[in-house]
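The hints should help you fit chain R onto chain S, whose structure is shown.
Chains S and R, in that order, give the protein sequences. Its first residue numbered 859, the first sequence is counted upward by one per residue in this note's numbering. Its first residue numbered 0, the second sequence is counted upward by one per residue in this note's numbering.
Since the hints were derived computationally from the structure, they do not count as laboratory data. Do not take every clue at face value.
As the list claims (entries may be wrong) - In the SDA-like style, the derived pairs of lysine to any residue whose C-alpha atoms are separated by at most 25 Å in a straight line are: (1) K889/S to S60/R; (2) K140/R to M108/R; (3) K889/S to P94/R; (4) K889/S to G213/R; (5) K20/R to N865/S; (6) K889/S to R82/R; (7) K214/R to S188/R; (8) K889/S to R45/R; (9) K889/S to M108/R; (10) K889/S to G73/R; (11) K20/R to R45/R; (12) K889/S to I65/R; (13) K889/S to E79/R; (14) K889/S to D29/R; (15) K889/S to T66/R; (16) K20/R to G213/R; (17) K889/S to E63/R; (18) K889/S to L67/R; (19) K889/S to D53/R.
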Amino acid sequence: MITIDLNGQQQPLPPGSTVIDLLSIIGSDGKSVAVVINDHIIRPENRPSHLLQEGDRVELLIFAGGG
Amino acid sequence: MDLLQIGSYTFSSRLILGTGKFSNATVMLDAVRASGAQLVTVALRRFNREQAEDDLFGPLSAIEGITLMPNTSGASTAAEAVRAARIARELSGSPFIKVEIHPNPQHLMPDPIETYEACRILAQEGFLVMPYIAADPVLAKRLEEVGCASVMPLGSAIGSGQGLATSEMLNIIIRESGIPVIVDAGLRSPSEAAHAMEMGCEAVLVNSAVAAAGKPPVMAEAFAEAVAAGRKAFMAGLMQKSGSAVATSPLTSFLGTF
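Next up, chain S with everything else stripped away, as it sits in the complex (with noise of 0.2 Å):
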């Protein structure tokens, strides 16, 4: 297994997990979650073949109320 940092806690992972393996195992179909891996946006046509890395650093935003 591997670990990243995903929103600030320890996630473990199967090594060779894509970005769209992490959004499965953490119930987002995708479509509405920004991913930013070490502070590099991927955008939705590259998280099929993006492997994320031991200590990669993973953020998941969306969006929600704010004025």
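The following block gives chain R in isolation, referenced to the frame of chain S:
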């Protein structure tokens, strides 16, 4: 038709609605629909699988005619705001960004220096930059010069309901501005929104006044009507004020004045 123009976008509604502080998403969505708002603000938040219902992108996008205007709330520096704006654009597909940088949660006053710097960068990157600022005519002009699409001076402190406490400065900003002036923050009642529009604001942005009302959708509708009435009055041209009475009826050739 009298349309609000921001960049190449046009809107028939001049009420911009914020989506924060509502008791739940259903009430918020009802209020958005009732307001007729076509520009709606949202905030970026970290995804939390226990609070999946917080995700507003889908429900808001499903309302016809809505353009999202993400804000940079939570940023306390220009760098943080620029980062948030880039992520938000990726998510929303909208070029609109409300630049909101307030480092002090006690008063939520916008930081003019960080705001200026963030706006300068984001305007160069092609965003339609809508900065939330203090009612400062000099800053407003400087932001216009760096390519902001509008300026959004506060009427009074965020969520305070103190109305148009800055109206004297707002008048100067409106007079001097070559870009739309939108009052953002502090409004409590529809009459204040109407007043802002009569002064020549191009739009108003309201959140707390609707979200914290007894019946948010009804209040949203009231604001929409007030904004439309205020705009109509501005376009009609208000009469000049006079320091003394000016009769509306003839004062001669009547009764004892033959």
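Hints versus structure:
no. : hint             : result
1   : K889/S to S60/R  : holds (12 Å)
2   : K140/R to M108/R : holds (19 Å)
3   : K889/S to P94/R  : holds (18 Å)
4   : K889/S to G213/R : violated (34 Å)
5   : K20/R to N865/S  : holds (23 Å)
6   : K889/S to R82/R  : holds (20 Å)
7   : K214/R to S188/R : holds (13 Å)
8   : K889/S to R45/R  : holds (15 Å)
9   : K889/S to M108/R : violated (34 Å)
10  : K889/S to G73/R  : holds (23 Å)
11  : K20/R to R45/R   : holds (17 Å)
12  : K889/S to I65/R  : holds (18 Å)
13  : K889/S to E79/R  : holds (24 Å)
14  : K889/S to D29/R  : holds (23 Å)
15  : K889/S to T66/R  : holds (17 Å)
16  : K20/R to G213/R  : holds (13 Å)
17  : K889/S to E63/R  : holds (18 Å)
18  : K889/S to L67/R  : holds (16 Å)
19  : K889/S to D53/R  : holds (14 Å)
Figure legend: structure checked against the earlier numbered hints; hints not met, in rising order: 4, 9.
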